[in-house]
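Kindly produce the complete structure, drawing on both the sequences and the hints.
These protein sequence lines are chains A and B, in that order.
Residues in the first sequence are numbered from 1 upward in steps of one, following my numbering.
Residues in the second sequence are numbered from 1001 upward in steps of one, following my numbering.
Read the hints as simulated data drawn from the structure, not as lab findings.
Backbone N, C-alpha and C fix where the C-beta goes; we use that ideal spot for every residue, glycine too.
Hints are not guaranteed to be accurate.
[Unchecked claim] Computed list of lysine-lysine pairs in DSS-like fashion (alpha-carbon distance at most 30 Å, straight line): (1) B:Lys1172 x A:Lys18; (2) A:Lys140 x A:Lys112; (3) A:Lys144 x A:Lys197; (4) B:Lys1172 x A:Lys94; (5) A:Lys112 x B:Lys1172.
[What the hints assert, rightly or not] Quick partial rundown of chain B residues pointing at chain A, CB under 8 Å, derived from the structure: (6) Val1039; (7) Val1178; (8) Pro1199.
[What the hints assert, rightly or not] Ranges of calculated distance between the beta carbons of each label pair, as one might list FRET restraints: (9) A:Val116 x B:Tyr1108: 26 to 32 Å; (10) A:Thr114 x B:Ile1127: 39 to 45 Å; (11) A:Gly16 x B:Pro1112: 17 to 23 Å.
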Amino acid sequence: MSTPLLTAQDVSIHYGDKQAVRGVNLSIERGTVNALIGPSGCGKTTFLRAINRMHDLTPGARVTGRIVLDGEDMYAPGVDAVAMRRRVGMVFQKPNPFPTMSVFDNVVSGLKLTGVRDRARLMEVAERSLRGAALWDEVKDRLKTPATGLSGGQQQRLCIARALAVEPELLLMDEPTSALDPASTARIEDLMTGLKKVTTILIVTHNMHQAARVSDTTSFFLNGDLVEHGVTDQVFTSPRDERTEAYVTGRFG
Amino acid sequence: MSARSSALPARSRPGLSPARRARNLLMGALIGLSTVIVVAPLILIFGYLLREGLGAMNLDFFTRTPAPEGETGGGLLNAIVGSLQMLAMASVLGVGVGVAGGIFLAEYPRHPLMPTVRMLSDVLAGIPAIVMGLVAYGLIVLQFGFSGLAGAVALGFLMIPIVVRTTEEVLKLVPLTVREAGLSLGLPQWLVILRIVLPAAAGGIVTGVMLALARVAGEAAPLLFTAFGNPLVSLDPTKPMSALPLEIFRGATSAYDENQRLAKAGALLLILIIFATSLLARWASRRR
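Encoded structure:
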């Protein structure tokens, strides 16, 4: 096997005195979709956010252990959080397009705001990203209209396109479909398989069927522990841990 | 709302006992009375100024400077031009420092200086206008003499806490997840604030600035010993400058009817300006 894209070594996360994630070890291969599942409050979102150094902004939050992205320890002293976030994209639970920007400006914001002025290049990136998020056909005639005018499902795909535009090595998705209707959810799930060609996906989901449908590997979190990590089929059909079995068969959570 | 529901109590609620009905009527009447007491002063002041001042609001009022004491005619051009200049200059100080302060309080809550800055800003809001005038007097007038700039600095200081407070409030209304989206794209925090959060809050910030302007436009006290006043139109900010509140003060305390007439027209103009500013502020915050 090639070296994994991401390796977490003994990662623990505290909020003040409370420990939310306990000694997680996990590795993610390139070009795969990986699901994090588990009941509410099990630490899966907390773990996900650590991979984008989002806890830097949360008062009292502390991350220990090593998170290595392509050979580089994200939390080593002197590592620039901004540079790290550029390599790791994130899609959030609720669609969050930038409210004052047009559809086009939203998609290319990561480039435009850091000084890319070349119209032709921005246009090319916008089209590629919007196609990647399966939104191009719906918005190609309204690129200049406010992004807030799109439907919820379209806004979420816009957010995916916006994340893709900066070409992240890893795309984090925090329950990206939980605020969407079934049709929009299905579109985004379809999308993920295609996205494997350009990036690697780590998705937190509440929906076990979604995890089973879209992911190559699944990690089951419970009370801050990573209970089981494996190929999705195996985790769902023959889990090694009885707690995993109880959860995937719907006996709790 | 309660005033309206208690306006028709007897007929619409036949099941009420007479005692409750009487109490209901009494409370309804009290609420109605309180409303009248709150609104009446505004209407009375406005009506009085319209009656007394509208007559003096002719072309001369807007195009001429005050006539010499005891003579008729003249206008408040010097004060109108002076007020506009000083408000413009005060905005530079008030908006510049105020918005920066608001950003600091809203976006850097973990900064060790944040509680101190918050407290100082609150104290600043409570400092009387005339004391602000003294500050500008000590800072500028003692060295350079009376000037429009000194008046503008005093007004600008008065604007700062108002702008800080509204900026902080509206920035906090921008959802955290919008900031996170910006950061997750690999944008540095200052870019996220400047290009994403600030534009989203722009309407609210404009409202705050408008309200701050409306608040300081009517201040006479801080201008008495800073801008000082000037019977002529002055476009030089380093020289004494007139302002509407100063002319109102001078005219209203004058023995001559003509000056009092001008003062009333000036007061009417001031109120109209403040009214228009408040309307603009509402419009700015409702757009979007």
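**Prompt:** So which hints don't hold here, by number, going up?
**Reply:** 6
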